[in-house]
Amino acid sequence: MIIALDFVLRLALWIALAPLLPGIINKVKAWVAGRRGPPVLQLYFDLARLWRKGVVLSDLASPAFLAASAVGWVAIAAATTLLPVGPAGASLSFQGDFILLIYCLALARFCTVWAAMETGSAFEGMGSAREVSYAVLAEATLIAAVLALCVQTRSLSLPGMLAPATGAGAILLAGGLFIVLLAENCRVPFDDPNTHLELTMIHEVMVLDHSGPPLAVILHGASMKLLLFALLLTQAVLPTGHLAPAWAGVAIGAGVLAVTVGVGLVESLLARFAFRRVPLLLTMAFLLCLFALLIAWKGGAA
Amino acid sequence: MNETLNLLVGMAMGLNLLALGSGRLPTLIRTVALQGMTLGIMPLLIEPRFEWPVVLVSFATVVGKGWIIPSLLRRAMRTANIDREIEPFIGFVPSLLLGAGGTIAAVALSRALPLLPEHAGSMLVPGALASVLTGFVLLIGRTKAISQVCGYLILENGIYLFGLLLIQATPLLVDAGILLDVTVGVFVIGIIVDRIQRAFDSLDTRKLTVLRE
Numbered sequence: 004m005i006i007a008l009d010f011v012l013r014l015a016l017w018i019a020l021a022p023l024l025p026g027i028i029n030k031v032k033a034w035v036a037g038r039r040g041p042p043v044l045q046l047y048f049d050l051a052r053l054w055r056k057g058v059v060l061s062d063l064a065s066p067a068f069l070a071a072s073a074v075g076w077v078a079i080a081a082a083t084t085l086l087p088v089g090p091a092g093a094s095l096s097f098q099g100d101f102i103l104l105i106y107c108l109a110l111a112r113f114c115t116v117w118a119a120m121e122t123g124s125a126f127e128g129m130g131s132a133r134e135v136s137y138a139v140l141a142e143a144t145l146i147a148a149v150l151a152l153c154v155q156t157r158s159l160s161l162p163g164m165l166a167p168a169t170g171a172g173a174i175l176l177a178g179g180l181f182i183v184l185l186a187e188n189c190r191v192p193f194d195d196p197n198t199h200l201e202l203t204m205i206h207e208v209m210v211l212d213h214s215g216p217p218l219a220v221i222l223h224g225a226s227m228k229l230l231l232f233a234l235l236l237t238q239a240v241l242p243t244g245h246l247a248p249a250w251a252g253v254a255i256g257a258g259v260l261a262v263t264v265g266v267g268l269v270e271s272l273l274a275r276f277a278f279r280r281v282p283l284l285l286t287m288a289f290l291l292c293l294f295a296l297l298i299a300w301k302g303g304a305a
Numbered sequence: 007m008n009e010t011l012n013l014l015v016g017m018a019m020g021l022n023l024l025a026l027g028s029g030r031l032p033t034l035i036r037t038v039a040l041q042g043m044t045l046g047i048m049p050l051l052i053e054p055r056f057e058w059p060v061v062l063v064s065f066a067t068v069v070g071k072g073w074i075i076p077s078l079l080r081r082a083m084r085t086a087n088i089d090r091e092i093e094p095f096i097g098f099v100p101s102l103l104l105g106a107g108g109t110i111a112a113v114a115l116s117r118a119l120p121l122l123p124e125h126a127g128s129m130l131v132p133g134a135l136a137s138v139l140t141g142f143v144l145l146i147g148r149t150k151a152i153s154q155v156c157g158y159l160i161l162e163n164g165i166y167l168f169g170l171l172l173i174q175a176t177p178l179l180v181d182a183g184i185l186l187d188v189t190v191g192v193f194v195i196g197i198i199v200d201r202i203q204r205a206f207d208s209l210d211t212r213k214l215t216v217l218r219e
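Residue numbers (the numbering used here), protein chains in the order written: chain A, 4 to 305; chain C, 7 to 219.
Note that these hints are calculated values from the structure, not bench results.
Do not take every clue at face value.
[Said to hold, decoys possible] Short derived list, chain C residues pointing at chain A, Cβ under 7 Å:
1. F98
2. V99
3. L102
4. A106
5. G107
[Stated by the list, open to error] Label-pair distances were calculated between CB atoms; the ranges are:
6. A:S96 with C:E124: 29 to 35 Å
7. A:V253 with C:V180: 52 to 58 Å
8. A:A36 with C:G183: 39 to 45 Å
9. A:W250 with C:R81: 53 to 59 Å
10. A:T198 with C:F95: 32 to 38 Å
11. A:V135 with C:N87: 49 to 55 Å
12. C:V180 with A:P90: 44 to 50 Å
13. A:P90 with C:G29: 43 to 49 Å
14. C:N87 with A:W250: 57 to 63 Å
15. C:T85 with A:F276: 27 to 33 Å
Where is the CB? At the ideal position from N, CA and C, for every residue including glycine.
With the hints as extra help, turn the sequences into a complete structure.
See below:
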């Protein structure tokens, strides 16, 4: 009973806190540009507004169109239950849970792409093709990063992998994971979340034909994914296992905030890359994580 | 001390990959300059005692590779008035992967080499092999004469790293001579680049296969 209550409470906390991050990013962007910007809680208002609206369906869309957005959200929510948060630990953890985490995220992506293809729009097919082709490289990077953590800590579950310090490879991992965070969440060097030109959009173009509650679910899922990656990055780099629980919590909170502000700064100071440059950046991220793996492996052998 | 040295060699290896991935000539030149300076301070770390010749050679390397050679290259680029974009034969992603594969192979295989016991834990040999490989990839895979010069400089940096293993055995005069050679070489290449530009209206080395009166 207590376990179930704990599970529900954690999930509720994740759901409630996630939409803060895009708000903070937008605030940072507005601040750099010298504007006042939307309130930090803007996404909550947007979600509430969307939830009350009706749904417009394409004639071509099968029921899977609605199901896919729901399944995608559930997959991300499932992934959040696997990620430990500092001293509080994870709701679920077992040997090899990181593989389930990676595949939950892959399932969520599959669902978004599926729903996008259901509408029968040419633009959405294009966006899906781009999303999937970037994901191939981003996923390889994520797997290399997780493998590096695995080899470093000789542990096969996320709580054991994320607690101790990562040593010399931490800087490489931080760089690689930050690039993956930007790519997976469709932030600026890869995609512009504010763009409204179909030819250059990736994520935004896939959700063009969604409206009302399904769009709200997709937006909320995206914010949870951002929080998930920010937490993963923070805990992979910070040695939170050695701190007292209260300080570890503070350190993780500060780390997530720093990552979020960093995303906002990147978004204000960089322009979106040309498509042909994107695989290069993702390859660099992959190599960063690969070298972190090499350092972990060599350090373990010596 | 050995730790700092390994960190510097690691940095030089990272700069190798940056050189392979950079798409603009000024970035490439800056990367090579930074690598030269990183290599320049290594003799100070290897030599346990403070000796004037070592300090002098180290200083000359930092100034020569970090300042004189890059400014010669930049001047050549300016006078030849060339496009700053690099057009690769081997694309950026394949050359990066080649470089990374070479680096990993160098780290993994250097254990199999019959090295002296005092060099076994050092990253100098893998760093040298990786730099030589990167230099080769840049020499083969780029079309512009100046990026090929940068490849040649990275190749030379790799050989210099090998030379650091023998720092106790070779006279420093040799090091100084090599440095002078490289500087003069880049100086001459700067002039040649200008000539190629005037004769062919381009620095693309693919066009050099055509004979002209």
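Here is what the structure says about each hint:
The interface hint given for F98 of chain C holds, since its Cβ lies 5 Å from the closest Cβ of chain A, which is under the 7 Å cut-off. Contact between V99 of chain C and chain A, as hinted, is supported at the beta carbon level, the nearest pair being about 5 Å apart and thus within 7 Å. Taken as an interface hint, L102 of chain C checks out: its beta carbon lies about 5 Å from the nearest beta carbon of chain A, inside 7 Å. Because the beta carbon of A106 of chain C sits about 5 Å from the nearest beta carbon in chain A, less than 7 Å, this interface hint is met.
Here the hint on G107 of chain C is broken, as its CB sits about 10 Å from the closest CB of chain A, past 7 Å. For S96 of chain A paired with E124 of chain C, a C-beta distance near 46 Å fails the hint of 29 to 35 Å. Taking the beta carbon of each, V253 of chain A and V180 of chain C are about 57 Å apart, inside 52 to 58 Å as hinted. A hinted range of 39 to 45 Å for the beta carbons of A36 of chain A and G183 of chain C is inconsistent with their spacing of about 56 Å.
Taking the beta carbon of each, W250 of chain A and R81 of chain C are about 55 Å apart, inside 53 to 59 Å as hinted. For T198 of chain A and F95 of chain C, the hinted distance range of 32 to 38 Å is satisfied, since their beta carbons lie about 34 Å from each other. Separated by about 43 Å at the C-beta atoms, V135 of chain A and N87 of chain C break the suggested range of 49 to 55 Å. Between V180 of chain C and P90 of chain A the beta carbons are some 59 Å apart, a value that contradicts the proposed interval 44 to 50 Å.
At about 45 Å, the CB distance of P90 of chain A to G29 of chain C agrees with the hint of 43 to 49 Å. Between N87 of chain C and W250 of chain A the beta carbons are some 58 Å apart, a value that agrees with the proposed interval 57 to 63 Å. At about 31 Å, the beta-carbon gap between T85 of chain C and F276 of chain A stays in the expected band of 27 to 33 Å.
The earlier numbered hints that this structure contradicts are 5, 6, 8, 11, 12.
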